[in-house]
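**Student:** Let chain U serve as the given structure and place chain D on it in line with the hints.
2 protein chains.
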Amino acid sequence: MNSDEKLRKLRHSLAHLLAAAIKELYPTALPTIGPATATGFYYDFDFGGGAPSEKDLARIEKKMKEILPSWNTFDGKEVEAEEARELYKDNPYKLELINEIAAKGEPITLYTSGSFTDLCRGGHVENTRLINPEGFELSHIAGAYWRGNEKNKMLTRIYGLSFDTKEELDAFKKMQEEAIKRDHRKIGKEMNLFTFSELIGSGLPLFTPKGTAMRQAIVDKINALQSEYGYSNVWIPHITKKELYMTSGHWEKFGEELFKVQGRETEFVMKPMNCPHHTQIYASEQRSYKDLPIRYAEATTVYRDEQGGELLGLSRVRSITQDDAHLFCTADQIGGEVKNIMKVIAQFYTALDMYKPGGFRVRLSLRDPAQPEKYLGGDDVWKSAESVLTNIAENANLDYESIPGDAAFYGPKFDFLFKDALGREWQLATIQLDFNMPARFGLEYTDRDGSKKTPVMIHRAIAGSLERFLSVIIEHFAGAFPYWLAPVQVKVLPIGESHREYAKKVYSTIKRGGLRAELDQSDESLGKKIRNAKTEKIPYLLVIGDKEVEADKVAVESRDQGSLGQQSIQDFLKLNK
Amino acid sequence: MNSDEKLRKLRHSLAHLLAAAIKELYPTALPTIGPATATGFYYDFDFGGGAPSEKDLARIEKKMKEILPSWNTFDGKEVEAEEARELYKDNPYKLELINEIAAKGEPITLYTSGSFTDLCRGGHVENTRLINPEGFELSHIAGAYWRGNEKNKMLTRIYGLSFDTKEELDAFKKMQEEAIKRDHRKIGKEMNLFTFSELIGSGLPLFTPKGTAMRQAIVDKINALQSEYGYSNVWIPHITKKELYMTSGHWEKFGEELFKVQGRETEFVMKPMNCPHHTQIYASEQRSYKDLPIRYAEATTVYRDEQGGELLGLSRVRSITQDDAHLFCTADQIGGEVKNIMKVIAQFYTALDMYKPGGFRVRLSLRDPAQPEKYLGGDDVWKSAESVLTNIAENANLDYESIPGDAAFYGPKFDFLFKDALGREWQLATIQLDFNMPARFGLEYTDRDGSKKTPVMIHRAIAGSLERFLSVIIEHFAGAFPYWLAPVQVKVLPIGESHREYAKKVYSTIKRGGLRAELDQSDESLGKKIRNAKTEKIPYLLVIGDKEVEADKVAVESRDQGSLGQQSIQDFLKLNK
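Sequences listed follow chains U and D, in order.
Just so we're aligned, residue 2 is where the first sequence starts under my numbering, counting upward by one.
Just so we're aligned, residue 2 is where the second sequence starts under my numbering, counting upward by one.
Just so you know, these hints were derived from the structure itself, not from any lab.
It is possible that part of the hints are untrue.
The list makes no distinction among identical chains, and a pair is therefore deemed to hold if it is satisfied within one copy or across any two copies.
[As the list claims (entries may be wrong)] Result set (DSS-like, lysine-lysine): computed pairs, CA atoms no more than 25 Å apart in a straight line:
(1) LYS242 <-> LYS261
(2) LYS575 <-> LYS512
(3) LYS530 <-> LYS291
(4) LYS78 <-> LYS375
(5) LYS512 <-> LYS340
(6) LYS505 <-> LYS291
(7) LYS243 <-> LYS261
(8) LYS578 <-> LYS222
(9) LYS291 <-> LYS535
(10) LYS578 <-> LYS512
(11) LYS10 <-> LYS182
Pulled out of the complex, with its shape left as it was, chain U reads as follows (with noise of 0.2 Å):
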């Protein structure tokens, strides 16, 4: 048995306990059901009126730790329909469970621990000793409707935590106090980094100011670093015929899922994916041996019709921005290509301070090596591309692991998992190799001896969807982001009214000098000034006060690093360009 599997058991066992204790304090409430959950537990009952509310928790949380000892395992029988339905004859929610698993066929059982019986499929700890009573706590309440149609009553969920040990308890509870402080839709808000809009829409963000600059600080340095390896950059429009994603075959698959865009003449969709598009640039003239690789590279948003329940902050839009890139290259030329593109991960990364030992890990998907049918491509091309990418993943030294069978139908490839602040794990590069668009849109290159030849594809992105992205680093920095990422990176904050001036003049230099900068024109003490700019989490200050303006030069107070002492306007902007 697995941990998963043990802590299952255990949280379920706990589901018990609580119903165990409602109906001792509520004894009119109806017992509905109770699973165990990713962190814990919950049980949804009917309590008719006088649902308990959260500071009822403690006491019911007393009586189920008194309740425990008096527990020793949960004994199940197998019994008849008639049994159970004359047991919960007054209790019309498990008599609808009853008569569903009468109507299956399948067994009906009943575990009882104590003086508690509840109908139950099974799965609880083997003996209640093994539960630790300071291992777990109620944590709140919600509504819930029965079995999740909101047609239905709503009911009382009531939800504990649980783990094997109070230390784990308390850990997961910081995590979680952490998590919440680090919500980056909270610290979006209180940056000014994001807002939405009703009169637009769910799922569809708009970007301040502020946002904006990291958007493009993101993009900016993305392009910078690839500028190294012969990218260019392209443009596509945001619609297409669907002509063109019957040629890819994604009409065929994800058909029903596309924002269908209609013209008084002509239906098109909204791209879900900028792959075909790019083709079609590739497709626009005759290509040559010579020519290849061909990188285009483009940070354009796609549209996907997510449903409104799935939606959540940045983590989860409808318009998703992709620091695309689609490479077109020989088979010879994959092994250099990966490798490049694996630079600008690591290097980008590495700006964030995420790329480092422990700090991330790869996946290398590769074919099912018993079902090589079941590819296209070609077997020889597979072969060598796959022990290409294993060689690369070896020699880099990666945390890596091969994972046979993972693999798309099309091509091999790598995903790259960053852990945040709080050991929470991100998918974010990726660098997936093509063997089948190529060919679906009959793209060629001619090669040396004159032959017409199919390009191999890759596809990258180095982070991902620019929102779901910031929405990572956002709680992994909680906002003290670095430097060239900050939307804002430099204050400049005058002591007084008569070093105004003086501060505008810094303020107009450091932004003609292409700093994002602010001028805090206030009217409170220099301590409130440092203390909001310190709630900004803005990288540098620039204090300002009489020996500032008569030596010509600025205070500056680092976010990170503290006082640095006076330096000339020029000397700061030389150090932070």
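**Tutor:** Just chain D, lined up with the frame of chain U:
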């Protein structure tokens, strides 16, 4: 009678002359209609079989010139429908026209000159001596459906050019030849700037690396110029719920012309303009008079459902990228903001050498002073805004024209019209005040006295639509773009095999220096390499032979200034940053 009216009469008279010539050369041809056009005239005929082709035009033109001296005046007479029907009993087209005129109760008139009579509303020269036989010629033949309806029969349309003098005719023909040479679709293809794909659809250009570099250069230039004036970039999605346009009022006016986007849960529309989205960023925070003006800029693509038949290269597209900005300010701030926008316009078009006396003019659209009740926004605001705008135009010493009654109901505006190299005029930049939209969205700021006020909104575009702007400047420069805008700024040309290595070093140094560069790696002769690069109209060629390798320099050939001698790479970079 103004000169337009005179030309129209001349041209329509020539249509009669053309029909007379056709009746002599093709007695069975049925004349239908023959109007004046903006550059001459045409006449549509049903030739049954045996229609003339373009090689017959000379013979037809000769016949016109033979007939002309025998004509004198166009003598009109009103006839009964019966008489007209008898005359045209074999011509179903004229019969259809006669029946229509009769049904409307309008007079039926026949005009005779020499021995030729035509059913005609009139509008001819007073005497055929006013027709200069050297001032016209037949230009081409095309098919045209009777009455423009594709369900009708295809007729043969013969086109002619017509001007007062031979000189004017020749000048027009020369301009037309030049326009064909400069056609942005032709140059765009030759210089490889953009492409279309049938799989994606008409009116949806894809920009190649070179075209994308030009788009970016334009946006960067505008961003750099306006950075002096406190603009911030923002980012908005390309779709919205229709509620946004119901609030802005666009839904009622333009609802039918918008692209509807169907999601599984919600209907969206593609944005045909950006202002309503930008108001929602303004509205996302409390604003104080101290925060104003707020200036949001964004080069973003709007989508408009243009009819397929109206689409033309980049001039008329469905994906329109606007270099848009929206400013929110107090009424007092209008003058200062408009002045600063004008500075940006002046600097931008100066960088294109288009902002010069005689090269552009400005239209100032004002309210109709007789109907102040037609306009939104209050009499004071209009009066002061109009006087501010008029003063600005006066003081800037602009070639401007005030057009009372031309303003929209929501505010006055400036439009900038620039002349291209062929003397054609294009409306490009615009500055529009808006006293309406901020109120519709309930935008507010807290004034000095604590009261809530509605800001004024200014819409402005410098280039207008990037696509249309590109179509204009590609034709204006015939591909020989100013250095800052050229898709390839520098090409490195090694003379022989032994210079390639040094050339590569030069190439990567100037690429790293941020210039858009190419390296000629072909095996062509130097002469051929230079000719190729000149066809591509690249501003600088860096030629590298023995002497340059030895001196660690490059020989600079300027497109506009000829040979500039040897320079070190660093000097070249410094001079051309």
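**Student:** Mind listing which of the numbered hints don't hold for this structure, in increasing order?
**Tutor:** Structure breaks hints 4, 11.
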